[in-house]
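Trainee: Here the structure of chain A is known, so what remains is to put chain B in place on it, guided by the hints.
Line order of the protein sequences matches chains A and B. If you use the working numbering, the first sequence corresponds to residues 3 to 142, in order. If you use the working numbering, the second sequence corresponds to residues 26 to 101, in order.
Bear in mind the hints are in silico, worked out from the structure with no lab data behind them. A few of these clues could be false.
To be verified - Mimicking EDC-like on lysine to aspartate or glutamate, the simulated pairs with C-alpha atoms at most 16 Å apart in a straight line are:
(1) K62(B) with E80(A)
(2) K27(B) with D89(B)
(3) K84(A) with D64(B)
What the hints assert, rightly or not - Simulated coverage check for chain A against chain B, where a stretch passes if three residues somewhere in it have a Cβ under 8 Å from a Cβ of chain B:
(4) 13–26
(5) 76–82
(6) 134–142
From a predicted model like this one, the values you see are computed outputs, not experimental measurements. Glycine is no exception: its CB is placed at the ideal position from the N, C-alpha and C atoms.
Spelled out, the chains give:
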Amino acid sequence: MKQPKPPGNGYQWRIRMNVLRLFLWNGAWVAATALMTFGPRFFWNRTLLFTLLAVSLDVAVGVGMILANIKYIAELDELQRKVQLDSMGITLGVALIAGTPLSVMDAYHVIPFHVDIAYLLILMSLTFAISNLYGTRRFR
Amino acid sequence: MKNRLKVLRAERDWTQAQLAGALDVSRQTVNAIETGKFDPSLSLAFRAARLFGMRIEEIFHDEDRPSLATEKDTYV
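Next up, chain A with everything else stripped away, as it sits in the complex:
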């Protein structure tokens, strides 16, 4: 005989909302960072006050993004949280292992190009995405 369905409490819905919130905060941070980067040159002709305001906005939105991320991770279930934690650990390790030698090689002109912080951000993003995908597949 078919048993009555157990009561659910919307875990999936809650996580979906948190992902949406995180996505919006990330988008806002990217926009604020773009404004801070390109604003002085293209919009306000390097006026100090506006540049400081743009930097303040970028930091404030960045704090909001971090808080959204904390909320997202706190409301994940224990397996999802483990996957996130593993991915963060791998990302931090790769950033340290790759970042330090690269900056040293740049300082001593071992490599023919200048190491930009953007390279490290791209490397971190790719590492996090790959390790997260691997972690999700591992427990599928």
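Mentor: The following block gives chain B in isolation, referenced to the frame of chain A:
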């Protein structure tokens, strides 16, 4: 750690998604526990025990030892 989650779920004709909803976790987590890829925390094990109206050791047991439910069957 082994468990009888899949059997208990099948007895009630619940899907993994329904069980996941009742335990407030993702379907992926239920699947990982059922297949033995992930060991749940004590609090999640308690939630499962409450949901099925059983004791934790009747659902989860050590790899080397049979579950309490199996032991009971053996001794009866």
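Trainee: If a hint holds in the structure, say so; if it does not, say that too.
Mentor: Comparing the hints with the structure gives:
1. K62(B) with E80(A): 13 Å, holds
2. K27(B) with D89(B): Holds, because 9 Å separates the two Cα atoms, which is no more than 16 Å.
3. K84(A) with D64(B): 12 Å, holds
4. 13–26: Held - the segment 13–26 of chain A has 3 residues with a Cβ nearer than 8 Å to chain B, which meets the minimum of three.
5. 76–82: Held - the segment 76–82 of chain A has 4 residues with a Cβ nearer than 8 Å to chain B, which meets the minimum of three.
6. 134–142: Coverage by chain B holds here, the residue count being 4 at a Cβ distance below 8 Å.
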